[in-house]
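> Listed here are the chains, written in short residue letters.
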Amino acid sequence: MKRIFNVLMIIMFILVFISFSSFANFRQEVVVDKWKIPFLNCVTGPIASIGEYMSWSANRAANEINLAGGIAGKPVKVVNYDTGVSPDKAVEEMAKLVDSALVVMGPVPEACIMASVPLAARKGLFCMTASTSYEYAIKYFPWTLSWFPPTDEKLPPITATWAKKHPDMKTVVQFLEKWACWPEMAKAHAIGIKSAGVKMLKDVEVPTDAVIFGPLVVKALAQNPDGIMLTCNAEKAAKIIIELDKNGWKDKSKILVFSSADDTSLYTTGGKYLEGVSVYNYINPDCENPRWIAFRKAYKEDHNGIEPGSLSTIYYDCVYMLKEAIENTGVTGDPTKLAKERIKIRDYCRNIKGFKGIQLTWDMKNGIPSDKGTFLFIIKNGKKKLIALAGKTK
Amino acid sequence: MEVFLAQLINGLALGSIYVLLVTGFNLMILVARIIQFAYPQFVVLSMYACWEVLRLTNNVFLAVFACISTSIVLNILSEPIFRRITNMKGIDINASFVASLGIAIVITDIMSHSLNYGFPIAFPTSWVEGSLARFGLIMISKGQLYALAGSIIAVLLFFYLLYRTKQGRLFRAIAENRFAARLIGIPIVKTSIFSYFIAGLLGGFIAILLSLLLGSASPWLGEFVALKILAVSIVAGLGNLRGGLVCGLCLGVTEAMAMGYLSGSWSNVVSFVIMLIIILIKPQGLFGTSIS
Amino acid sequence: MPTVLSYFLGFTAIYILMCWAIYLPYRVGQLYFTTVACMAIVAYFSGFAAREWGWPFIFVLLVGIAIGAIIAYILSHAIGKAPCFTVVIVGLAFIFIVKTVIENWELLGGTVGFFGIPPVNNLLLIAYILLGIVGFVIYQIDHSRLGRAASVVFVDRDAAASLGVNIKSLGMFYQTIAGAIGGMAGVLYTFLLGSLSPEFFAFAMVGSLVCMLFVGGYTTMWGVIVSAPILGGIPILLPVTISSWRQVIYGILLVLIILVRPEGLITKRMLWNLKGKNRYKTASNLVNTRREKVG
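Residue numbers (our numbering), protein chains in the order written: chain V, 1 to 394; chain A, 1 to 292; chain R, 1 to 295.
Next up, chain V with everything else stripped away, as it sits in the complex:
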């Protein structure tokens, strides 16, 4: 028995050495006959569900592009790298890519951005951190871009629009879950509400690991608000709405759910209690664009009839943006010109003009999008019905 274990030990040691030596010739090849786009996504961990649909939509874009002849005539493949929401794994995955990749999609989510983008910036690798807010992206300019306009420009118009739709609403209370950039978003929400002449009551903070929501709802209702804003994750938002309903909240349209909570779990958890609730988001499910209609249909087929989540289109657009960048700048994928071509892609994406996304068309200026509107909806029969588009001029 003892001998067997000792043999096992020796095998283990050998494995370690093999693993070390395998690093020496570890090099991700940039195969010129195929575009491999690495995607630092979170396929495991607490937000694995979001990672799943982001990778679904990136793959869909890649498949569409391949059917239409690929990027510059060569097929494209999105390669998933799992960050698992763990910062050290994110850095290690990023480290695999910094020496060889042309461009990186991700990382997702925010903690992984914090951990791994400093390395990418140091090594001159452009990261399409498209699912995060402005606050995270701006820190690593020019080595990343912001998919959303600055929070304090983007959000006040939408909350103001909502407030103006309800002239009898005099006071609003906000539920705030302190997670990532949500406190910043909450501040921006409040600015918009105040600009519409409505008073903001004291925020109700939602603990990240809250299990029941009764105490929070009682705390909010004790302030006698006319309106409610929910800046917390989807499941929690749904539960708060249910709890509000049980406490006799009447006018659901005076509840505004913020974009990050407009996710599948809001609808699966909230069910019919969501009837009449206001929601804002960056995509419109009833958009007429044929690409979107096909996307939505395929998504629902693959996900038990669930509607695409709010972040689902981002990496779809992202793959198309990279296609445009590669084709229009004449990038070859040749490893010897790597540094130059990385910068070409970076500068093209950060200043792209008239980019046709799956829903909106927008421009980028120095990595910041302009003229990207936000949609305001009301939930009718479990579906979102568009009532306003705020912040888009053209």
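Each hint should be verified, as a subset may be incorrect.
Stated by the list, open to error - Across the chosen pairs, the derived CB separations fall in these ranges: (1) V/Gly70 / A/Leu56: 38 to 46 angstroms; (2) R/Ala159 / A/Phe194: 30 to 38 angstroms; (3) R/Ala159 / A/Leu77: 31 to 39 angstroms; (4) V/Glu327 / R/Ile242: 55 to 63 angstroms.
What the hints assert, rightly or not - The calculated DSS-like cross-link candidates involving lysine-lysine, where the alpha carbons are at most 27 angstroms apart (straight line), are: (5) A/Lys282 / V/Lys252; (6) A/Lys282 / R/Lys168; (7) V/Lys250 / A/Lys142; (8) V/Lys340 / V/Lys34; (9) V/Lys165 / V/Lys272; (10) V/Lys199 / V/Lys392; (11) V/Lys272 / A/Lys282.
What the hints contain is simulated information worked out from the structure, not anything from laboratory work.
Quick reminder that beta carbons are idealized off the backbone N, C-alpha and C, glycines included.
Knowing the structure of chain V, use the given hints to seat chains A and R on it.
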């Protein structure tokens, strides 16, 4: 006053869940001599089974049956693992904690990986329809009532089993002194398996009450709760059933009050700081422990 | 050196340090997770000191180690000889509290995180020199009177007390060292990553540390040197489809190792056999034999 009463009711409903979980957890400590850190994860997995059956068959009885049987099966399946660990020479109760930590990690990750695409599950809202009574801010929902009543009944039944039946005497004998229990001819293994069965039954029951009270579950629910359950049972004194009862309720009420009157982001810290202070002052727990 | 290798080595060094920081108090039977909280505090301190006050690395490192040790020392007055699970829950609660304080502290970036920590040259070299020093110190401790006393305490506290071992001061000693090592790991972690987020120091970290320590073997300091690179290397070496299940792999490995080889891959007995000494007699063995005779 109105707000206070409303928060008290909320706190008691939350506390009743903690009480049930701590009771199941303490049973494992007392009889099986293990720290079953994965116990809340088993409960959450049973909730998933309940949800899946309900979705497929739309039959409440089948769902309840599936829930309870999943919980029992999971607990009994874990029995050989823990028996092997506790029977090892020179290995103490810490090893069971580490092993159950491993089991907890596996269950949580499988749930977030492959069950319902990792999305939280939601039970049909008709389970917890509306409120029973409401006076201003004071509201009692059906879910809360079921949870409170259910946990009182479950704990009473459990105490009856433990203190009024022959089986319960066997449990307590083993808890008090394993060697002596074996000497006087108590079948250790059989009783131990039966204790896993009881813990599983209790777990299934908790899963149903949680589905009623919360109306949904996510892969991370188990982990959120597991830490608090471990903390409560240590504050009360490991394996102290009555202590667990008191401390579980207190934790629920403290959390609700902290959420209601202090800032929400700090509410967990409030309860953890209180528990930390108690533990630092009384490392053996408030009500004492029989586990060395 | 490929970038991925340097990060892999960097994280391996930090993980080995952290595992040692848990290994040491476990010598006296305490699973001491407070060290992760020390790591978090020192990580934020060092990030802040380097970015805002412009302190040089070496200064940050020394002060960081001192902070870790002081925190652990103060806490150890209360939990120096507390039972294992009290120590566990104190550690977990402390991690939780530290995390919440950081999240609510705008100066430290709150939930968004702390950015822009200046990089340090030759960090990897420094990390391995420190690792060597710490390893040497732990080796000396393990082979001193203190180490032997700890072995007895692990097996039988009453016997240890009757042999004249001061359990509390022994526990305090090990916890303070663990805090200092945690602080050191925190400084290295900060400068390796370049930014910090409260989410870095979560329960997941405790899980992987426990896994590394127990798979490698908690009876000697050498176990984690084998297990940390292997377990840390899983996500790098295996294809994505498998490595995305790494938490499951960790969990199953942990359960299996406890069932099959409860003392971990590398045990004291094995090291003795490697040295060719057959008279394997440690304090724990002696006490066990004593126990068998009595029981």
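> Does each hint fit the structure? Answer for all of them.
A quick look at each hint next to the structure:
1. Here the CB-CB span from glycine 70 of chain V to leucine 56 of chain A is close to 42 angstroms, well matched to the stated 38 to 46 angstroms.
2. Between alanine 159 of chain R and phenylalanine 194 of chain A, the C-beta spacing of about 35 angstroms keeps the proposed range 30 to 38 angstroms intact.
3. Taking 31 to 39 angstroms as the suggested C-beta distance range, the pair alanine 159 of chain R and leucine 77 of chain A conforms, at roughly 37 angstroms.
4. Evaluation of the 55 to 63 angstroms hint for glutamate 327 of chain V and isoleucine 242 of chain R yields a failure: the beta carbon distance comes to about 35 angstroms.
5. Among the hinted pairs, lysine 282 of chain A with lysine 252 of chain V is inconsistent with the structure: their alpha-carbon atoms are about 49 angstroms apart, more than 27 angstroms.
6. This hinted pair checks out: lysine 282 of chain A and lysine 168 of chain R have alpha carbons roughly 15 angstroms apart, not beyond 27 angstroms.
7. With a C-alpha separation of about 20 angstroms, the suggested pair lysine 250 of chain V and lysine 142 of chain A falls inside the 27 angstroms cut-off, and the hint holds.
8. Proposed proximity of lysine 340 of chain V and lysine 34 of chain V is supported: the alpha carbons are some 19 angstroms apart, at most 27 angstroms.
9. Between lysine 165 of chain V and lysine 272 of chain V the alpha-carbon distance is near 23 angstroms, which keeps this suggested pair within the 27 angstroms criterion.
10. Taking the CA atoms of lysine 199 of chain V and lysine 392 of chain V, the gap is about 26 angstroms. The hint holds against a cut of 27 angstroms.
11. At most 27 angstroms may separate the alpha-carbon atoms for a hinted pair to count; lysine 272 of chain V and lysine 282 of chain A exceed this at roughly 49 angstroms.
This entry does not satisfy hints 4, 5 and 11, going by the numbered hints stated previously.
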